[in-house]
Each structure stands twice: as structure tokens, then as C-alpha cells.
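Colleague: Sequence:
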Amino acid sequence: MDNETKIENGQPVDERPEYNGRNLEEAISLAEHRLKLPREKFNYEIVTEKTRLFGLKSKEIVIRAWAKDEDADNAAERFLARLMTIFPLELTYQVKKRPNNIFVIFDGPDKTILLRSDGSLLLAIQHVLNKVSPIKVQVDCEFYRKRKEKKLKDYAQRVAHQVSDTGREEVLDLMNPYERRIIHIIANEVPGVTSESIGDGFLKKVKIFRVPR
Numbered sequence: 001m002d003n004e005t006k007i008e009n010g011q012p013v014d015e016r017p018e019y020n021g022r023n024l025e026e027a028i029s030l031a032e033h034r035l036k037l038p039r040e041k042f043n044y045e046i047v048t049e050k051t052r053l054f055g056l057k058s059k060e061i062v063i064r065a066w067a068k069d070e071d072a073d074n075a076a077e078r079f080l081a082r083l084m085t086i087f088p089l090e091l092t093y094q095v096k097k098r099p100n101n102i103f104v105i106f107d108g109p110d111k112t113i114l115l116r117s118d119g120s121l122l123l124a125i126q127h128v129l130n131k132v133s134p135i136k137v138q139v140d141c142e143f144y145r146k147r148k149e150k151k152l153k154d155y156a157q158r159v160a161h162q163v164s165d166t167g168r169e170e171v172l173d174l175m176n177p178y179e180r181r182i183i184h185i186i187a188n189e190v191p192g193v194t195s196e197s198i199g200d201g202f203l204k205k206v207k208i209f210r211v212p213r
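Under my numbering, think of the first position of the sequence shown as 1, with each following residue one higher.
Calculated directly from the structure, the hints in this document are not laboratory data.
Just so you know, these numbers come straight off a predicted model, no measurement behind them.
Wrong hints could be hidden among the right ones.
Result set (DSS-like, lysine-lysine): computed pairs, CA atoms no more than 27 Å apart in a straight line [as the list claims (entries may be wrong)]:
hint, residue 1, residue 2
1, K41, K111
2, K36, K97
3, K150, K136
4, K150, K207
5, K111, K131
Derived DEER-like restraints, expressed as beta-carbon distance ranges [claimed, not checked]:
hint, residue 1, residue 2, range
6, H127, P38, 44 to 50 Å
7, I46, H127, 48 to 54 Å
8, E26, T112, 45 to 51 Å
9, A81, T112, 20 to 26 Å
10, L24, E142, 21 to 27 Å
11, V95, E149, 27 to 33 Å
Every residue, glycine too, gets a C-beta built ideally from N, C-alpha and C.
Construct all of the structure, not just a fragment, from the sequences and the given hints.
Modeller: Below, the structure written as C-alpha cells:
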């Protein structure tokens, strides 16, 4: 660890204004009043959530809040707009924004090409978008994510039960972070079994094994 001050948007993180309330809604409302901005125009993070005792038990939540960088928030959309002018596929897309996520849904005559090789091109676009956007981006096409999740969950459950029954660890093929997250969640739901990622870089293997006793 070093002693450098973390800077974001030109402001030290530790010096961002803090707002407190008896619950999250009250703290956000106070931030709206002080910043003179609607909540969709600022970011916030929970600093602490604690219970105080002053004769009666009461709860306090403290948040930091700061105005959004509108240019940064639109980074994924700007990149996509430029990409589509030179991309050799005929595609359309729809962008849906949530407070902490951006969803990009692809369509168009060449959409099936995105899904070839187990969606490798679709996931590559998602990886690049997450490099240029400060907000997490998820991409989808033809319900790829839903179908992929079900397939991975079934696979993880089958392997985890096999490890539980035999005691022999299993090392799965290389996976991206999205795939590994699903495997970890499902594998750790099986009693006595856990998992860990192996390797460096974007693609890693997942080892599923019995919990040491």
C-alpha cells in the first residue's frame, strides 16, 4: 500500500462531501439538496452504515456524493457510434441505462455472426466497451446471456457434485470473467465444495475442489 491520494475527476476521493441519514433514501435526499442536483445527475458510494445507541437504537448511513462526469457517462455510446461507422457487419443496437450499468442489445441482419464461436465476438465487444466506459457495460443479442447462464449453471452444478462425490478436483477450460463468476457462484452452493481461478490475464481456468477439512 502507498500513501498516494486517489484522484477521480480532478477531486481527491477522501475529500468528497459526505451526507448522512437514518437510511439510504434520507442520505441521498440530503445530497440532492446540498448539491442542488437530481440523484440521476450524481454518483454516490456508501462510506459507512452503523447503529448508534443513544438510549434508543438508531441507524445512520453515511455516503459520499459527487456530480457525474457527463462525458464519461456517455463514453460507451460515443465509442459504439464511431465503431458502427467502420465495423464490417450490418448491426443495430439499443442502449438501456441503469444507475450502475449500461445494457447494449444488438440486432440486425448480421447479428448471428456475433454469436459464433460461443459468442466470442459479442464478448470481445463487451470487453472493449468496459475498457472505455467508467460504468459497467453488459452486451446481449438473441438472449445470449440467458442461454449462456443456464448452460454454465448446469455445467458447474454437474461438475461440483462430481467433485463432492469423488473427492477429485476438476480444472475447467479457460473462461472470461463473466463465465468464471457464474461457475464460482454455483460451485460454492454445493456443500463441501469450493472453487478458485487459476492463471493470469483476461482468460483464466477455474479449479473446483473439496473444502479441506
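Colleague: With reference to the structure, classify each hint as holding or not holding.
Modeller: A quick look at each hint next to the structure:
no. : hint                     : in the structure
1   : K41 <-> K111             : 34 Å, violated
2   : K36 <-> K97              : 22 Å, holds
3   : K150 <-> K136            : 22 Å, holds
4   : K150 <-> K207            : 20 Å, holds
5   : K111 <-> K131            : 23 Å, holds
6   : H127 <-> P38: 44 to 50 Å : 32 Å, violated
7   : I46 <-> H127: 48 to 54 Å : 28 Å, violated
8   : E26 <-> T112: 45 to 51 Å : 49 Å, holds
9   : A81 <-> T112: 20 to 26 Å : 23 Å, holds
10  : L24 <-> E142: 21 to 27 Å : 36 Å, violated
11  : V95 <-> E149: 27 to 33 Å : 21 Å, violated
Violation of the numbered hints given earlier is confined to hints 1, 6, 7, 10 and 11; the remaining hints are satisfied by the structure.
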